[in-house]
Amino acid sequence: MAQEFHVLAVDDSFVDRKVIERLLKVSSCKVTAVESAGRALQVLGLDEERSPVEFDELKVNLIITDYSMPEMTGYDLLKRIKGSKKLSEIPVVIMSSEDIQPRVNRCLEEGAEEYLVKPVKLSDVVRLRDFILTQKAHPPQMEHNSVKRKWRDESPNAGCSASTSCDHLRPPIPKRRKMVQL
Amino acid sequence: MEFVGQLQRQFVQFSHSLFDEGFLDDQFQQLQKLQDESNPDFVLEVVSLFFEDSEKLLNNLSIALQQQIVDFKQVDSYVHQFKGSSSSIGAQRVKNMCVHLRSFCEEQNLEGSLMCFQQVKHEYYLVKNKLETLFRLERQIIEAGGTVPFIA
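Here the protein sequences line up with chains A and B, keeping their order.
Numbers 0 to 181, taken from numbering that gives the first Met the number 0, label the letters of the first sequence in order.
Numbers 0 to 151, taken from numbering that gives the first Met the number 0, label the letters of the second sequence in order.
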């Protein structure tokens with residue numbers, strides 16, 4: 000039974016929010032789009048100032064967030080999510096118009112699934128969704144984080160250390176994918 | 000129906016020129032691909048949002064650059080936003096001009112920034128005009144009973 004793939008999109012730009020929402024809907028995802036990291040924390044039930052009873056906490060399969068936002072950046076949001084027992088398993092993707100390698104590395108090291116350079120394309124979204132769905136269906140035998148990082152560190156043709164075959168897990172790496180450079 | 004054919008040819012020619020002259024890039028076509036019968040006005044809606052957003056940003060930029068002591072960090076922040084939104088709709092020339100403006104901001108070069116800001120505005124109004132023409136052509140085709148050709 001196919002469950003709806005629910006994505007929380009966070010972006011302070013009206014234009015980008017509209018585009019990412021459409022990209023996700025066209026890819027058959029359910030979307031909740033919010034304009035700030037603060038709001039994202041509220042809907043995820045991580046906002047200390049509000050009692051969780053006030054909001055119906057959202058169950059999300061993926062969080063996709065812009066990096067540069069006023070008040071709280073996507074990076075800070077990533078840290079909060081990865082630092083939370085409740086939500087740390089939810090994959091987080093960072094989007095940014097700026098292609099800065101140290102920034103990419105920092106986000107990946109903090110546990111981001113991926114760093115997408117804007118403008119985000121339909122192929123990026125489809126690839127993401129498929130990858131995460133496949134990960135859910137075939138969880139790697141090794142410790143989750145190290146497999147992700149290892150996959151990211153090595154070239155696409157290097158062997159995957161998970162015990163399952165990696166061909167169906169490893170999507171073609173498009174130009175936009177940023178790898179951690181050793 | 001000859002009239003529809005004429006309009007459609009005009010539309011195709013005009014669209015091609017927008018891409019050939021660098022006003023629009025591939026991202027605009029990405030948006031067009033996201034439009035369908037369930038969301039027939041998607042591109043128009045996004046572009047309208049862009050126009051609204053841009054007017055505010057240009058206004059803010061104008062004010063920021065007129066201050067006695069210009070806060071280049073603030074100016075840069077606005078330009079960054081404008082670069083982002085223009086990139087998201089495929090307004091290539093606007094985006095590129097924003098990149099130039101950011102360099103001037105980084106150098107804290109007021110004269111350069113003011114000059115470049117004029118160029119940013121110029122490019123914005125140019126592409127706005129072009130896009131409005133494009134949408135008008137689309138409307139005319141539909142009103143004349145035709146379908147809007149898809150530009151590959």
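Note that these hints are calculated values from the structure, not bench results.
There could be a bad hint or two in this list.
[Said to hold, decoys possible] Using C-beta positions, here's what the derived DEER-type ranges look like:
#	chain 1	residue 1	chain 2	residue 2	range
1	B	D40	A	T133	48 to 56 Å
2	A	L121	B	R138	37 to 45 Å
3	A	E109	B	F2	54 to 62 Å
4	B	E44	A	E70	21 to 29 Å
5	A	E108	B	E131	44 to 52 Å
6	B	V3	A	S87	53 to 61 Å
7	B	G21	A	P69	43 to 51 Å
[To be verified] Straight-line alpha carbon distances no greater than 30 Å define the calculated DSSO-like cross-link-like pairs of lysine-lysine that follow:
#	chain 1	residue 1	chain 2	residue 2
8	B	K72	A	K24
9	A	K29	B	K129
10	A	K29	A	K85
[Unchecked claim] Which bits of chain A does chain B cover? Going by a derived footprint, with three or more residues having C-beta under 8 Å, they are:
#	segment
11	21-29
12	33-46
13	101-114
C-beta: ideal position from N, C-alpha, C; glycine also.
Hint-by-hint comparison with the structure:
1. D40(B) - T133(A): 48 to 56 Å: violated, 35 Å
2. L121(A) - R138(B): 37 to 45 Å: violated, 26 Å
3. E109(A) - F2(B): 54 to 62 Å: holds, 59 Å
4. E44(B) - E70(A): 21 to 29 Å: Since E44(B) and E70(A) have Cβ atoms about 27 Å apart, the given range 21 to 29 Å holds.
5. E108(A) - E131(B): 44 to 52 Å: 46 Å Cβ-Cβ, so the 44 to 52 Å window holds.
6. V3(B) - S87(A): 53 to 61 Å: holds, 58 Å
7. G21(B) - P69(A): 43 to 51 Å: violated, 31 Å
8. K72(B) - K24(A): Roughly 36 Å separates the two Cα atoms, so the pair is violated.
9. K29(A) - K129(B): Violated, at about 34 Å.
10. K29(A) - K85(A): holds, 21 Å
11. 21-29: Holds: 3 residues of the segment 21-29 of chain A have a Cβ under 8 Å from chain B.
12. 33-46: violated (count 0)
13. 101-114: violated (count 0)
Violation of the numbered hints given earlier is confined to hints 1, 2, 7, 8, 9, 12, 13; the remaining hints are satisfied by the structure.
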